[in-house]
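Peer 1: Chain A is already provided as a structure; the job is to place chains B and C on it using the hints.
Each protein sequence line maps, in turn, to chains A, B and C. The opening position of the first sequence corresponds to residue 1 in the working numbering, with each subsequent residue numbered one higher. The opening position of the second sequence corresponds to residue 1 in the working numbering, with each subsequent residue numbered one higher. The opening position of the third sequence corresponds to residue 1 in the working numbering, with each subsequent residue numbered one higher.
I should point out that these hints are in silico values taken from the structure, not numbers from a laboratory. Since no wrong hints were added, every one of them can be taken at face value.
List time: in silico DSS-like cross-link candidates among lysine-lysine, alpha-carbon distance up to 25 angstroms:
{"#": "1", "chain 1": "A", "residue 1": "Lys141", "chain 2": "A", "residue 2": "Lys6"}
{"#": "2", "chain 1": "A", "residue 1": "Lys47", "chain 2": "A", "residue 2": "Lys138"}
{"#": "3", "chain 1": "B", "residue 1": "Lys128", "chain 2": "C", "residue 2": "Lys286"}
{"#": "4", "chain 1": "A", "residue 1": "Lys136", "chain 2": "A", "residue 2": "Lys6"}
{"#": "5", "chain 1": "A", "residue 1": "Lys67", "chain 2": "A", "residue 2": "Lys47"}
{"#": "6", "chain 1": "A", "residue 1": "Lys104", "chain 2": "A", "residue 2": "Lys47"}
{"#": "7", "chain 1": "C", "residue 1": "Lys286", "chain 2": "B", "residue 2": "Lys125"}
{"#": "8", "chain 1": "C", "residue 1": "Lys3", "chain 2": "C", "residue 2": "Lys30"}
{"#": "9", "chain 1": "C", "residue 1": "Lys286", "chain 2": "B", "residue 2": "Lys133"}
{"#": "10", "chain 1": "B", "residue 1": "Lys133", "chain 2": "C", "residue 2": "Lys316"}
{"#": "11", "chain 1": "A", "residue 1": "Lys104", "chain 2": "A", "residue 2": "Lys136"}
{"#": "12", "chain 1": "C", "residue 1": "Lys286", "chain 2": "C", "residue 2": "Lys316"}
{"#": "13", "chain 1": "A", "residue 1": "Lys145", "chain 2": "A", "residue 2": "Lys6"}
{"#": "14", "chain 1": "A", "residue 1": "Lys6", "chain 2": "A", "residue 2": "Lys138"}
{"#": "15", "chain 1": "A", "residue 1": "Lys67", "chain 2": "A", "residue 2": "Lys104"}
{"#": "16", "chain 1": "B", "residue 1": "Lys136", "chain 2": "C", "residue 2": "Lys286"}
{"#": "17", "chain 1": "A", "residue 1": "Lys136", "chain 2": "A", "residue 2": "Lys47"}
{"#": "18", "chain 1": "A", "residue 1": "Lys47", "chain 2": "A", "residue 2": "Lys6"}
{"#": "19", "chain 1": "B", "residue 1": "Lys110", "chain 2": "B", "residue 2": "Lys96"}
{"#": "20", "chain 1": "A", "residue 1": "Lys139", "chain 2": "A", "residue 2": "Lys67"}
{"#": "21", "chain 1": "A", "residue 1": "Lys141", "chain 2": "A", "residue 2": "Lys47"}
{"#": "22", "chain 1": "B", "residue 1": "Lys139", "chain 2": "B", "residue 2": "Lys125"}
{"#": "23", "chain 1": "B", "residue 1": "Lys128", "chain 2": "C", "residue 2": "Lys316"}
{"#": "24", "chain 1": "C", "residue 1": "Lys4", "chain 2": "B", "residue 2": "Lys96"}
{"#": "25", "chain 1": "C", "residue 1": "Lys30", "chain 2": "C", "residue 2": "Lys4"}
{"#": "26", "chain 1": "C", "residue 1": "Lys316", "chain 2": "B", "residue 2": "Lys125"}
{"#": "27", "chain 1": "B", "residue 1": "Lys136", "chain 2": "C", "residue 2": "Lys316"}
Interface residues of chain A toward chain B, partial, derived using beta-carbon atoms under 8 angstroms:
{"#": "28", "residue": "Glu60"}
{"#": "29", "residue": "Tyr96"}
{"#": "30", "residue": "Asn97"}
Beta-carbon label-pair distances, calculated as ranges:
{"#": "31", "chain 1": "C", "residue 1": "Thr5", "chain 2": "A", "residue 2": "Lys6", "range": "38 to 44 angstroms"}
{"#": "32", "chain 1": "C", "residue 1": "Gly340", "chain 2": "A", "residue 2": "Thr43", "range": "30 to 36 angstroms"}
{"#": "33", "chain 1": "C", "residue 1": "Gln242", "chain 2": "B", "residue 2": "Gln49", "range": "18 to 24 angstroms"}
{"#": "34", "chain 1": "B", "residue 1": "Gln49", "chain 2": "C", "residue 2": "Leu343", "range": "34 to 40 angstroms"}
{"#": "35", "chain 1": "C", "residue 1": "Ser247", "chain 2": "B", "residue 2": "Thr37", "range": "42 to 48 angstroms"}
Every residue gets a Cβ at the ideal spot worked out from N, C-alpha and C, and that includes glycine.
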Amino acid sequence: MSFASKSPWVIHYDASSCNGCDIEVLAALCPGYDAERLGVINTGNPKHADIFLVTGSVNEQNISVVKEIYNQMIEPKVVIACGCCACTGGVFHDCYNVLGGVDKAIPVDVYAPGCAVRPEALIDAIIEGVGILDEKAKKLKSAEKEQA
Amino acid sequence: MTRSISFTDIALDKLVPLAQEKHDGGWRCIQMHCVTTDNGIDLTYTFDQDGVMENYRVRGVQESVDVPSLQPFFISLFPFENEANELFGVNIVNMKIDFGGHLYALAQSKPMTIISPAQKAAKDKAAKIARAKAAKAAKANISADGGKQASSARSSQDSANAAIPADLQEKLNHMSPEKAQKVRDAIAKRTEKQDQHSSASSSLQKSTNESSKSTTKEGK
Amino acid sequence: MGKKTIIPFGPQHPVLPEPLHLDLVVEDEKVVEAVPQIGFVHRGLEKLTETHDYNQFIYIAERICGICAFGHSMGYAETIESLMHVEIPPRAQYLRVILHELSRMHSHILWLGLAADAFGYESLFMHCWRLRERILDIFEMTTGGRVILSAVVVGGMVRDISNEMLADVRTRVQSIHDEYQQICNTFLNDSSVQSRLVGVGVIEHDDAVSLGMVGPFARASNVNNDVRSLGNGGYGQLSDFQPTLDSGCDCYARVKVRLQEVSQSARIIDEMISHIPDGDISVKVKGSPEAGAQAANTLEQPRGECYYYALGNGTKYLDRMRMRTPTSQNLAGMAQALAGCDLADVNMIVLTIDPCISCTER
Numbered sequence: 001m002s003f004a005s006k007s008p009w010v011i012h013y014d015a016s017s018c019n020g021c022d023i024e025v026l027a028a029l030c031p032g033y034d035a036e037r038l039g040v041i042n043t044g045n046p047k048h049a050d051i052f053l054v055t056g057s058v059n060e061q062n063i064s065v066v067k068e069i070y071n072q073m074i075e076p077k078v079v080i081a082c083g084c085c086a087c088t089g090g091v092f093h094d095c096y097n098v099l100g101g102v103d104k105a106i107p108v109d110v111y112a113p114g115c116a117v118r119p120e121a122l123i124d125a126i127i128e129g130v131g132i133l134d135e136k137a138k139k140l141k142s143a144e145k146e147q148a
Numbered sequence: 001m002t003r004s005i006s007f008t009d010i011a012l013d014k015l016v017p018l019a020q021e022k023h024d025g026g027w028r029c030i031q032m033h034c035v036t037t038d039n040g041i042d043l044t045y046t047f048d049q050d051g052v053m054e055n056y057r058v059r060g061v062q063e064s065v066d067v068p069s070l071q072p073f074f075i076s077l078f079p080f081e082n083e084a085n086e087l088f089g090v091n092i093v094n095m096k097i098d099f100g101g102h103l104y105a106l107a108q109s110k111p112m113t114i115i116s117p118a119q120k121a122a123k124d125k126a127a128k129i130a131r132a133k134a135a136k137a138a139k140a141n142i143s144a145d146g147g148k149q150a151s152s153a154r155s156s157q158d159s160a161n162a163a164i165p166a167d168l169q170e171k172l173n174h175m176s177p178e179k180a181q182k183v184r185d186a187i188a189k190r191t192e193k194q195d196q197h198s199s200a201s202s203s204l205q206k207s208t209n210e211s212s213k214s215t216t217k218e219g220k
Numbered sequence: 001m002g003k004k005t006i007i008p009f010g011p012q013h014p015v016l017p018e019p020l021h022l023d024l025v026v027e028d029e030k031v032v033e034a035v036p037q038i039g040f041v042h043r044g045l046e047k048l049t050e051t052h053d054y055n056q057f058i059y060i061a062e063r064i065c066g067i068c069a070f071g072h073s074m075g076y077a078e079t080i081e082s083l084m085h086v087e088i089p090p091r092a093q094y095l096r097v098i099l100h101e102l103s104r105m106h107s108h109i110l111w112l113g114l115a116a117d118a119f120g121y122e123s124l125f126m127h128c129w130r131l132r133e134r135i136l137d138i139f140e141m142t143t144g145g146r147v148i149l150s151a152v153v154v155g156g157m158v159r160d161i162s163n164e165m166l167a168d169v170r171t172r173v174q175s176i177h178d179e180y181q182q183i184c185n186t187f188l189n190d191s192s193v194q195s196r197l198v199g200v201g202v203i204e205h206d207d208a209v210s211l212g213m214v215g216p217f218a219r220a221s222n223v224n225n226d227v228r229s230l231g232n233g234g235y236g237q238l239s240d241f242q243p244t245l246d247s248g249c250d251c252y253a254r255v256k257v258r259l260q261e262v263s264q265s266a267r268i269i270d271e272m273i274s275h276i277p278d279g280d281i282s283v284k285v286k287g288s289p290e291a292g293a294q295a296a297n298t299l300e301q302p303r304g305e306c307y308y309y310a311l312g313n314g315t316k317y318l319d320r321m322r323m324r325t326p327t328s329q330n331l332a333g334m335a336q337a338l339a340g341c342d343l344a345d346v347n348m349i350v351l352t353i354d355p356c357i358s359c360t361e362r
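Bound conformation, chain A alone:
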């Protein structure tokens, strides 16, 4: 389904982040860096989204929310972990309430490090994510053809 890669819609969720990465995610979608010219739109509905941008090291209460959003998204879907905290837990990896990285809750496709992650790195990550989305879409299509 190449239309998704021509205009990937993103859903963003802050899973116990300090907000630094969240405002950089929003800044990437604003006129300064303008990811919207690539067709990226921020939606609030998981069923409309192709790419899930997660920031923050996940804490106990947030695990179920992150899993819920991931399960509600429709295949093919890509998860991008934005920022050091989402990749490995960052500075907070040894806190008592932090699990350490989003990959403890859901499978992650692209890791975008940085504290806070720079908008340029985010746009790079989205483009890489779009490539992975294309591959997943091809696999789905060929799996459907085999079944039919």
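Peer 2: Structure of chains B and C alone, referenced to chain A:
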């Protein structure tokens, strides 16, 4: 407006009368927090009015003790009291807004009361070093005082004799004994005065060093 | 007599930058009660004083919140300096105030953009954030970071900003402020904006005082409390500082107070840069805090008064570091404002306290 900050200890039963007094006087209660200590949990309440900030600390609260909530006077304390209950295990009663220990829904219970063994070892070591330092300083003080008295007596005698130049000594030998004694006494007094002056200035230096050390020790 | 329904709001919601859950008990279109549930951002970082010494902890203090990052590092450094009786050089004090006021400008413009998004005016949101990018360019030019600056150490500043660069900063701030007037104009005079803001979320002066509110949220109800009036640190060098007050008591007044504070910050930066003295930017801090030594400090962050407390135990690890952030003081006020409002106004009211949930929960 200038600012002043103070820290005072207070007993647990004085807490509610204090809150009443501050509330009636129009003070703001700006926060409440807990510290884990070896004797229990210390609670600190901070009140502020026009740049004057007063911190009141209740020491050594145990888990079995009921702490009265100050939410009836200052409703804005509710997040801090609920946090104290959940993270430190402090038993606060009569809260107006009570999350029942589920404000944060943590995996560990009372995590802020857990002191890791490495941390405890480091604290004990630092306390030991501080005690050794204090003992050493006290010892140095005592020996310096005793030695100083004996040496000052000796030194005044020596310096008295040494202060008389050779030609004067010759003259004294030819004087009558009473006159010579008077001259010797006068010279001795003069040298003693000079000695005292020089030793006083050096001891002043020493005492300022020691007093600054002792104030850092008793920072409590 | 309508039927009561419970509508869950959050933790994931397009208008919320941070996770916060509210159970709204609604009767027809009016909110009868709002039951908040927080705890989605609690990391427990105050316990990290056990493994990080007082110099390393400043990097953690900065990352409590990305929007108020500089404020937290400055407040923490000031508290430790007061604990260890260290006096920082005047040039460092001026630089800290300049960066803190720039931080206030960027935080308020960010909030104005989010507020515009909350009542549906998306192009105004885009304009505010486009203007904000120019302030982030100033941060990048002077300190190297856009969001987390890491420019403060205990004892002063990490690197100096040369006088030529400061002159450049001054011209940039002036041009940003000139362009900012158009945004101000839209917020204050546009009729669609006014219809969404005037008379919404009213909290009277006496309620504001008894609920212990702080920051622009309280100053819009004519409560005069601004820690900068106490003249601590570099703020004592200002020639004339008056807190921005408004007696409107509603969301429109809160927007007005923040709009005026941006202009006030631009003036403060201008004054500080023209009078900055030459000299060192840091002093060496040796040793550790004494056992049992305590220090407390307050700082006026963009969201309100923030309280810091440090307790030493003779080692270089602090016994306790406490940061009480302004949003936690304002939660009671938010709950009060939500009772009895329209369902469509919930977004706006939650946003007017300028919630920084990651600051509250640390």
